[in-house]
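Engineer: Sequence lines, in order, name chains V and Y.
Under the numbering used here, the first residue of the first sequence is numbered 281, with each subsequent residue one higher.
Under the numbering used here, the first residue of the second sequence is numbered 281, with each subsequent residue one higher.
These are computed hints drawn from the structure, not numbers from a lab.
Note that the structure is a prediction, hence the values are computed from the model and not measured.
One thing to keep in mind: the hints can contain errors.
Treat identical chains as interchangeable: a pair holds within one or across any two.
[Claimed, not checked] Derived lysine-lysine pairs resembling DSSO-like cross-links, with alpha carbons at most 27 Å apart:
#, residue 1, residue 2
1, 567, 539
2, 302, 491
3, 291, 302
4, 393, 667
5, 491, 555
6, 539, 632
7, 302, 722
8, 567, 302
9, 444, 596
10, 491, 667
11, 722, 667
12, 302, 360
13, 539, 360
14, 722, 596
15, 596, 623
16, 667, 291
17, 556, 491
18, 418, 645
19, 722, 567
There are 2 protein chains.
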Amino acid sequence: MNAQAVDQYFKDHRETHLDELKSFLRIPSISALSEHKEDMQQAAEWLIAAFEHAGLENAKIDATEGHPVVYADWLHAEGKPTVLVYGHYDVQPVDPLHLWETAPFEPQVRDNKLYARGASDDKGQVFMHVKAIEALLKLEGELPVNVKFIIEGEEEIGSPNLPKYVEENQDLLASDIIVISDTGMQGPGRPAVCYGLRGLAGIQIDVNGPKGDLHSGIYGGAVQNPLHAIVEILQSFRDQEGLIQVEGFYDDVLEVSDKEREEFAALHFDLEHEKKEIGISEDFGEKDYSFVERTWIRPTLEVNGITGGFSGEGIKTVLPAEASAKITCRLVPDQDPDDIVAKLKAHVESHKPAGVTVEITEFDKGKPFLTPYDHPAIQAAGRSYEKVYGVPTAFTRMGGSIPIVAAFDEILGLPVVLMGFGLASENFHAPNEHFHLENFDKGLRVISDYLFEVAELD
Amino acid sequence: MNAQAVDQYFKDHRETHLDELKSFLRIPSISALSEHKEDMQQAAEWLIAAFEHAGLENAKIDATEGHPVVYADWLHAEGKPTVLVYGHYDVQPVDPLHLWETAPFEPQVRDNKLYARGASDDKGQVFMHVKAIEALLKLEGELPVNVKFIIEGEEEIGSPNLPKYVEENQDLLASDIIVISDTGMQGPGRPAVCYGLRGLAGIQIDVNGPKGDLHSGIYGGAVQNPLHAIVEILQSFRDQEGLIQVEGFYDDVLEVSDKEREEFAALHFDLEHEKKEIGISEDFGEKDYSFVERTWIRPTLEVNGITGGFSGEGIKTVLPAEASAKITCRLVPDQDPDDIVAKLKAHVESHKPAGVTVEITEFDKGKPFLTPYDHPAIQAAGRSYEKVYGVPTAFTRMGGSIPIVAAFDEILGLPVVLMGFGLASENFHAPNEHFHLENFDKGLRVISDYLFEVAELD
Numbered sequence: 281m282n283a284q285a286v287d288q289y290f291k292d293h294r295e296t297h298l299d300e301l302k303s304f305l306r307i308p309s310i311s312a313l314s315e316h317k318e319d320m321q322q323a324a325e326w327l328i329a330a331f332e333h334a335g336l337e338n339a340k341i342d343a344t345e346g347h348p349v350v351y352a353d354w355l356h357a358e359g360k361p362t363v364l365v366y367g368h369y370d371v372q373p374v375d376p377l378h379l380w381e382t383a384p385f386e387p388q389v390r391d392n393k394l395y396a397r398g399a400s401d402d403k404g405q406v407f408m409h410v411k412a413i414e415a416l417l418k419l420e421g422e423l424p425v426n427v428k429f430i431i432e433g434e435e436e437i438g439s440p441n442l443p444k445y446v447e448e449n450q451d452l453l454a455s456d457i458i459v460i461s462d463t464g465m466q467g468p469g470r471p472a473v474c475y476g477l478r479g480l481a482g483i484q485i486d487v488n489g490p491k492g493d494l495h496s497g498i499y500g501g502a503v504q505n506p507l508h509a510i511v512e513i514l515q516s517f518r519d520q521e522g523l524i525q526v527e528g529f530y531d532d533v534l535e536v537s538d539k540e541r542e543e544f545a546a547l548h549f550d551l552e553h554e555k556k557e558i559g560i561s562e563d564f565g566e567k568d569y570s571f572v573e574r575t576w577i578r579p580t581l582e583v584n585g586i587t588g589g590f591s592g593e594g595i596k597t598v599l600p601a602e603a604s605a606k607i608t609c610r611l612v613p614d615q616d617p618d619d620i621v622a623k624l625k626a627h628v629e630s631h632k633p634a635g636v637t638v639e640i641t642e643f644d645k646g647k648p649f650l651t652p653y654d655h656p657a658i659q660a661a662g663r664s665y666e667k668v669y670g671v672p673t674a675f676t677r678m679g680g681s682i683p684i685v686a687a688f689d690e691i692l693g694l695p696v697v698l699m700g701f702g703l704a705s706e707n708f709h710a711p712n713e714h715f716h717l718e719n720f721d722k723g724l725r726v727i728s729d730y731l732f733e734v735a736e737l738d
Numbered sequence: 281m282n283a284q285a286v287d288q289y290f291k292d293h294r295e296t297h298l299d300e301l302k303s304f305l306r307i308p309s310i311s312a313l314s315e316h317k318e319d320m321q322q323a324a325e326w327l328i329a330a331f332e333h334a335g336l337e338n339a340k341i342d343a344t345e346g347h348p349v350v351y352a353d354w355l356h357a358e359g360k361p362t363v364l365v366y367g368h369y370d371v372q373p374v375d376p377l378h379l380w381e382t383a384p385f386e387p388q389v390r391d392n393k394l395y396a397r398g399a400s401d402d403k404g405q406v407f408m409h410v411k412a413i414e415a416l417l418k419l420e421g422e423l424p425v426n427v428k429f430i431i432e433g434e435e436e437i438g439s440p441n442l443p444k445y446v447e448e449n450q451d452l453l454a455s456d457i458i459v460i461s462d463t464g465m466q467g468p469g470r471p472a473v474c475y476g477l478r479g480l481a482g483i484q485i486d487v488n489g490p491k492g493d494l495h496s497g498i499y500g501g502a503v504q505n506p507l508h509a510i511v512e513i514l515q516s517f518r519d520q521e522g523l524i525q526v527e528g529f530y531d532d533v534l535e536v537s538d539k540e541r542e543e544f545a546a547l548h549f550d551l552e553h554e555k556k557e558i559g560i561s562e563d564f565g566e567k568d569y570s571f572v573e574r575t576w577i578r579p580t581l582e583v584n585g586i587t588g589g590f591s592g593e594g595i596k597t598v599l600p601a602e603a604s605a606k607i608t609c610r611l612v613p614d615q616d617p618d619d620i621v622a623k624l625k626a627h628v629e630s631h632k633p634a635g636v637t638v639e640i641t642e643f644d645k646g647k648p649f650l651t652p653y654d655h656p657a658i659q660a661a662g663r664s665y666e667k668v669y670g671v672p673t674a675f676t677r678m679g680g681s682i683p684i685v686a687a688f689d690e691i692l693g694l695p696v697v698l699m700g701f702g703l704a705s706e707n708f709h710a711p712n713e714h715f716h717l718e719n720f721d722k723g724l725r726v727i728s729d730y731l732f733e734v735a736e737l738d
């Protein structure tokens, strides 16, 4: 490939590309709001047209029980790997509308940033993949690899129908690598490839004591207080350093290699800046792990809420009838959410305080995800970024959970490459969402290059 | 005194007495509601008339910043002790009105029980003292002791102005014994003299972490969670048996004599019945003390409420910015509320978890109260009950706190005798409040007898 020719193509077509992206962004495809059902269909049709214009084939809209899935492919690179590109055409709601400087569905470029709902999350990033394919097909008439697109309309509402779709269309979606551009870079000018996410498991604990609230004067000291009981349970989960005391909790935690940890250390994470940002005077957690490591490669157990007793102003001397707490764990490879929930339950059972009954309710679970960071597809993405940005690529994990990524990993059994072009400052899910066009321009080149990098793998 | 003559007097005047009490009960003297301000004045004036009719002297209404205090005396028993009778003429609100079987301020006798707001708490019991005096003065022209009445109109709203009034009128109120009839018996036919109450001290603990709620995926494991921090603090307060771990907490707790504890054991408290009533399968607390002892003679520390994080349905993976808890201690003699609050604060300070800030707010305090159970005035009350009811009197304490009792004890330095005629089933503060007239009839005789018992003390 002539990289200069590709770069020139993107320069020559920049205005056209931005105009096309704006037309995509003008469609208010808010998946959460039923009044936008027709907009969802319109956005799906917009994609079909864009796919066909790019030279992709077999473009189709597949109905689901919710919003449709859009598919297209180009499969003429015989003997070469197949890349599956996942993204979503739905966007978040726009409330509070009055905080937007310009209307969310009237895209506007200011200061080389494109403002609109979906500009970065995720229409802008999906669009870049389409245009990269289009450029190569226009310039060379062919692609170095096979490509499939699967773009869904329900990511912002938790992808309720996608796992079933993937399950039922395994042959259609069969590939060698999945590429997702729906995350962010390390910072301006600092490209990152994310290769791991934490999973999720959680329970609600309900403690019941006396059948009604009691007067703490009349009964205090002789009746177990459900609030004390729940405190006793919750305290038993962690030690003062945050180390989780649930038996077997760490059994399946994969050791992370020294090399990988050295890479984390080399990221020069600015702890003081971070502490200032979130407003804490000291960080917390396992002393053998850095801030970044605690959030990327270590599992957690967090209390997300406690309720019980009197919460008004002042004093009420009540011994409450019940107390409740919600806890969630972030999991790392190879922890299994079902196994962790079973261990949490066993822990509560064996730490049940005297004088109360305890009930447990399970929450939805998500598996952790990991593509080995030295996987060729991950390293290749790093090379593509470095060629365009001129700096080494950060290989990162993320502390959060994207259940659909784990589902892809699990159902299709493929390496997933999270190749994001967003920035943390771009107001995903908030008013004035925008996309830095520097990363739009560079991203087109990174994606084009990556297809050639993947072609060299095997 | 001729006890038979007194008994006959009460029998002869029963209808008149009940009619008079009903006229008192018809006045809706709800201290909490400002629209009843004139009713408060009317109730005070009703008392003045009743005092004068009884033969009491110096009857007067003393204004306070709130509702007035009513005073009267009879001081012609030279060389004899003076008994100060405290009570209140205000009543609780009547909501929810629709649950009353008959209107709260239209007294009605059904099944030998007098139904009306204030029938038992406390107009009925105050009225008995007035009529006992009246009977003796009518029959004999004199009393065996000196008597003073102080009846306030703000007990149901926490007696905000009474301590100042008592402080400023120490000469007027100077006495040898304070008698209060505003509590209950052990049960039907089971008289009780209460000689001790627990005190109260409490704090609110506010834990602050990051400046805003954080995503538990992005930050979980590296930032202290205020909910975990408050759990750590709360758990540090007690051990699993309920024993309080605050340094010096038990230092000033008076030992209770074996004899007194034998008296408690002899009360034949029905633990199984109590457990069934409040709906617990097992009781809780210090193993060296009985259920009754834990609530009467042992101090407590109870969490009354915890708030923090997400309390809606389902899951929200938040690491909250703050958490809060309210705790109160019930105190026993000679614990001092100020000292206990200082110890609680020192405890929190020395158990402050890493990574958060902690603020403490103090609540109102109340001292514990104790008249030694073998005090002659207490034992005399027991004899008077036994003569009338024909069964031994229980000498009890109560787990709750009545701040005004401790204030009397503290300001006037007098033994307080809690000589109640109510029953726990009589719906104090609730719809269908009533008073068993058996205890009205017997109570008149107990009170009359008690004045002669006191006359024999010294």
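Engineer: All hints, please: hold or fail.
Structural biologist: Each hint tested on the structure:
For the identical chains of this complex, residue 567 and residue 539 are intra-copy neighbours only, at 19 Å inside a copy versus 56 Å across copies, given an alpha-carbon limit of 27 Å. With identical chains, the CA atoms of residue 302 and residue 491 are never at most 27 Å apart, being 60 Å at best within one copy and 36 Å at best between copies. In this assembly of identical chains, the alpha carbons of residue 291 and residue 302 lie at most 27 Å apart only when taken from the same copy (17 Å versus 97 Å across copies). For the identical chains of this complex, residue 393 and residue 667 are intra-copy neighbours only, at 23 Å inside a copy versus 94 Å across copies, given an alpha-carbon limit of 27 Å.
In this assembly of identical chains, residue 491 and residue 555 lie within 27 Å of each other by CA distance solely across copies; the values are 10 Å between and 45 Å within a copy. Taking identical chains as interchangeable, the C-alpha atoms of residue 539 and residue 632 are never at most 27 Å apart, the minima being 42 Å within one chain and 37 Å between chains. Taking CA atoms no more than 27 Å apart as the test, residue 302 paired with residue 722 passes inside one copy only; the shortest distance there is 18 Å, against 91 Å between copies. Neither within a single protomer nor between protomers do residue 567 and residue 302 lie at most 27 Å apart by alpha-carbon distance, with minima of 48 Å and 74 Å respectively.
In this homomeric assembly, residue 444 and residue 596 come within 27 Å of each other (Cα to Cα) only across copies, at 25 Å, whereas the closest approach inside a single copy is 51 Å. Taking the shortest alpha-carbon separations for residue 491 and residue 667, neither the intra-copy value of 68 Å nor the inter-copy value of 39 Å comes in at or below 27 Å. Taking the shortest alpha-carbon separations for residue 722 and residue 667, only the intra-copy value of 10 Å comes in at or below 27 Å, while the best inter-copy value is 100 Å. Proximity of residue 302 and residue 360 under a CA criterion of 27 Å is satisfied in neither setting, with 34 Å inside one chain copy and 100 Å between copies.
In this assembly of identical chains, residue 539 and residue 360 lie within 27 Å of each other by CA distance neither inside one copy nor across copies; the values are 31 Å within and 94 Å between. Proximity of residue 722 and residue 596 under a CA criterion of 27 Å is satisfied in neither setting, with 61 Å inside one chain copy and 36 Å between copies. In this assembly of identical chains, the alpha carbons of residue 596 and residue 623 lie at most 27 Å apart only when taken from different copies (21 Å versus 37 Å within one copy). For the identical chains of this complex, residue 667 and residue 291 are intra-copy neighbours only, at 18 Å inside a copy versus 109 Å across copies, given an alpha-carbon limit of 27 Å.
Taking identical chains as interchangeable, the C-alpha atoms of residue 556 and residue 491 lie at most 27 Å apart only when they sit on different chains, with a minimum of 10 Å there against 46 Å within one chain. For the identical chains of this complex, residue 418 and residue 645 are neighbours neither inside a copy (44 Å) nor across copies (82 Å), given an alpha-carbon limit of 27 Å. In the homo-oligomer, the alpha carbons of residue 722 and residue 567 never lie at most 27 Å apart, since the shortest distance is 39 Å inside one protomer and 72 Å across protomers.
Going down the numbered hints, you'll see the structure goes against 2, 6, 8, 10, 12, 13, 14, 18, 19, while the others check out.
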